[in-house]
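J.: Going down the list, the protein sequences come from chains A and B.
The first sequence begins at 647 in the working numbering and counts up one residue at a time.
The second sequence begins at 647 in the working numbering and counts up one residue at a time.
The hints are simulated quantities; they were obtained by calculation from the structure and are not laboratory data.
Copies of the same chain look alike in the list, so a pair counts if it works inside one copy or between any two.
Each computed EDC-like pair below joins lysine to aspartate or glutamate, with the alpha-carbon atoms no more than 16 Å apart: (1) Lys829 - Glu751; (2) Lys879 - Asp926; (3) Lys829 - Glu747; (4) Lys879 - Glu1008; (5) Lys879 - Glu751.
There are 2 protein chains.
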Amino acid sequence: MLNPCDTAFLETLAALLPPDTLRPPAPRYLEEPRGLWQGQAGAVALPRSTEEVAVIVRAAAQARVGLVPYGGGTALVGGQVMPDGPLPLILSLERMNRLREVSVEDAVLVAEAGATLQSVQEAAAAAGRIFPLSLASEGTATIGGNLSTNAGGTAVLRYGNARELCLGLEAVLADGTIWHGLKRLRKDNTGYDLRGLLIGAEGTLGVITAATLRLFPQPAHRLVALLVVPSPKAAQELLALAEARLSGLVTAFELIRGTGLDFLAEVGPEVRMPFAERPDWSVLVELGLPQAMEPELALASLYEEAADAGLVLDGVIANSETQAHELWALRESIPEANRRIGAISSHDISLPLSSIPAFLTEVEAALTAQAAVRINAFGHLGDGNLHVNIFPNPGRSRQDYAAQRGDLQRLMHDLVAAMGGSISAEHGIGRGKVVELERYGDPARLAAMRAIKQALDPQGIMNPGAVLRLP
Amino acid sequence: MLNPCDTAFLETLAALLPPDTLRPPAPRYLEEPRGLWQGQAGAVALPRSTEEVAVIVRAAAQARVGLVPYGGGTALVGGQVMPDGPLPLILSLERMNRLREVSVEDAVLVAEAGATLQSVQEAAAAAGRIFPLSLASEGTATIGGNLSTNAGGTAVLRYGNARELCLGLEAVLADGTIWHGLKRLRKDNTGYDLRGLLIGAEGTLGVITAATLRLFPQPAHRLVALLVVPSPKAAQELLALAEARLSGLVTAFELIRGTGLDFLAEVGPEVRMPFAERPDWSVLVELGLPQAMEPELALASLYEEAADAGLVLDGVIANSETQAHELWALRESIPEANRRIGAISSHDISLPLSSIPAFLTEVEAALTAQAAVRINAFGHLGDGNLHVNIFPNPGRSRQDYAAQRGDLQRLMHDLVAAMGGSISAEHGIGRGKVVELERYGDPARLAAMRAIKQALDPQGIMNPGAVLRLP
Chain A
647 MLNPCDTAFL ETLAALLPPD TLRPPAPRYL EEPRGLWQGQ AGAVALPRST EEVAVIVRAA
707 AQARVGLVPY GGGTALVGGQ VMPDGPLPLI LSLERMNRLR EVSVEDAVLV AEAGATLQSV
767 QEAAAAAGRI FPLSLASEGT ATIGGNLSTN AGGTAVLRYG NARELCLGLE AVLADGTIWH
827 GLKRLRKDNT GYDLRGLLIG AEGTLGVITA ATLRLFPQPA HRLVALLVVP SPKAAQELLA
887 LAEARLSGLV TAFELIRGTG LDFLAEVGPE VRMPFAERPD WSVLVELGLP QAMEPELALA
947 SLYEEAADAG LVLDGVIANS ETQAHELWAL RESIPEANRR IGAISSHDIS LPLSSIPAFL
1007 TEVEAALTAQ AAVRINAFGH LGDGNLHVNI FPNPGRSRQD YAAQRGDLQR LMHDLVAAMG
1067 GSISAEHGIG RGKVVELERY GDPARLAAMR AIKQALDPQG IMNPGAVLRL P
Chain B
647 MLNPCDTAFL ETLAALLPPD TLRPPAPRYL EEPRGLWQGQ AGAVALPRST EEVAVIVRAA
707 AQARVGLVPY GGGTALVGGQ VMPDGPLPLI LSLERMNRLR EVSVEDAVLV AEAGATLQSV
767 QEAAAAAGRI FPLSLASEGT ATIGGNLSTN AGGTAVLRYG NARELCLGLE AVLADGTIWH
827 GLKRLRKDNT GYDLRGLLIG AEGTLGVITA ATLRLFPQPA HRLVALLVVP SPKAAQELLA
887 LAEARLSGLV TAFELIRGTG LDFLAEVGPE VRMPFAERPD WSVLVELGLP QAMEPELALA
947 SLYEEAADAG LVLDGVIANS ETQAHELWAL RESIPEANRR IGAISSHDIS LPLSSIPAFL
1007 TEVEAALTAQ AAVRINAFGH LGDGNLHVNI FPNPGRSRQD YAAQRGDLQR LMHDLVAAMG
1067 GSISAEHGIG RGKVVELERY GDPARLAAMR AIKQALDPQG IMNPGAVLRL P
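Please model the entire structure based on the sequences and the hints provided.
T.: Below, the structure is given as structure tokens:
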């Protein structure tokens, strides 16, 4: 059983640290973007160095006080807020935001955990390279949080998830020892993959303090197009065609449903619609091409072949950076329109690519048979990852559906599980999906996860109650 | 303490399994390619299904008998042979070699652990796709072994290691429970990365029985060239240039040292030398380009730019599949020539890309100052992974250096460690590098590895003594 982060503990800890490392928790540390959970904490610790993090973790281990690691606070499943249990200490990495090194020769950047994703992207760009991780909250979300949640986003199709973009870690383990693992090697088979294990563990096995991140060359040509497709099945076939013709040069392939465009027209934010008639299904495609390719030619030839096969009905190609931004703005405004409409329930799911068309048909039929709702599905079709949200019919509000919410969620997740999908593609488990993980997770894997947690954090001080239920 | 795989255990086990599942161990199961270790075993088990593997593991767990998982037997560090300790049971997956499914739509192939890498490559090709893992022993090595050792090879630069090529696993854990984890999702953030942990664990945490492997489109054009470079530094700059100009379309980038070509001329195997004068340093480059690219133009333009910058001195471009094979044969014959010469010591190391030129100079100076030896360094420069082997001077044999071998190895590994490299880039730890891992590994990481081993295999029955010393 954990002890609360009380005055006695804080006094002991303060004596081990420079002044102004511990503070009362400002309200922002106790809130989260969806307003579903209200956190609590005895204090927030703001260490300046890995050594200070180690001092804090050692003291917490000795006193059996829970620690909640805190990055940018943008997580959507409650991994960063602890609403109940003995008062924890929040461990914010915000002061550790240095970019320790950018090496073009080694194609890496070493960032401290508190650096925002955007600051990393900018440092990479300043060195003529890209760090390809890209997601809506990148201005606030931190590298430590991105790695702890194995963040996905829009460029996974080409570059992989956060786990694939990280070559090495520095971390403080649950007993307060520091793992100095900031390697920068593409191949290193010297034992168990502790790096991959801490990535995606949501702070429950240790605290990531710094990471070696992979840099990639900037493609010579960036090409963005919005293509109207007759169906999700056609979108999926278009993706296969583009991948085959372009050998891995497709950076993003995002599905947009007509419902999303209706929402934008209904509640904003205001964005320019590139088509006279609102398409039922469209895809935002981004290509990153090498110097020796003629980008317009490559896209024209792909478009022609796709049109001949009936996979594309219409399309616009951005012919300036401004237009490219406008097309992306359309895609990226949909979550805000969704928020303004007010979802009854939001789902971050993934499926085998081939199951997506059937899933979209079946889930809509099943949900609308159960309740008077509208569905919006959009997102990273290239990764089989869709954000499928359930909305009230016009004239009704989400509160009207309070009694049905649980059943609708169950229906959605049962269908996802039956089709071999995931109930959390990129947002993680946090505290919001612990029960869902218990329901849908493989029992042997869950037992292994519990054994690993017990082995690496025997006192259960690291982000208590996230990913796995409190024992 | 483990118990031996004795007659009583084998009788109990036989009663639980169909006839002919257990056999006396044929000599091939007790040998390994380098002849450094001689294995021992009470029997070999040849299960036909995952359920039979589970029966065997449960029985071994109950009797505390060690299990040595066995794939193609091609490992170079002794992970597949147990030379001492209580007699183990060898668990060979050779009967489980089915390809359960090839899905072009989902871009995956589901293979049982005993399928050879080559059979997987061929099934992918038959479906018009590629499975990009590629290594010298692919005709014999199995997918289970490839994954258990996180195999690397020649296409990691573009496609990643075995870990990045696998989306899901089926495995029997050390208590005999089956983990049904054959997902086929690009994004699935539902808890700890057990998949990544079992991959590279060399059979010490469980037995992989099947895997979902990623398929990729076949590039429209394959282009192979052998380029003469003035130095390793120039080779490294040429790689950076090629990556920048070709945005990730470089499939392989292999360094060849003049010494290797000398060895080929001296002892064979006979291969066609494409240059009149034997170059000191050359690189084998393979590009996989999309349809819309003119391959000869792309390479010519790259060559011109590189030549202007003084990075390339000469080159040949394969203009047929036969010539491409010939150039690859040159590269792939070097290990055989090395064997014929007889290395004093072989090293599979990786380094930060920027350190490679200095390492090659320093290691040669240090080794030749210590003993009258020759060095051959070759391999996957694109991944920072070199095979650096130490050879006797002409007229002497490896036996003459028996007394110096340990010191030379230490010198090499000390330098690798000092430069932030890895003492095992792609071959793993097995039993041959357990002591080296203890010497060079980070203490916090080693402690975490031991805790994980204890948590997932508390009796220590899974591949005892591999990766981690017997407790």
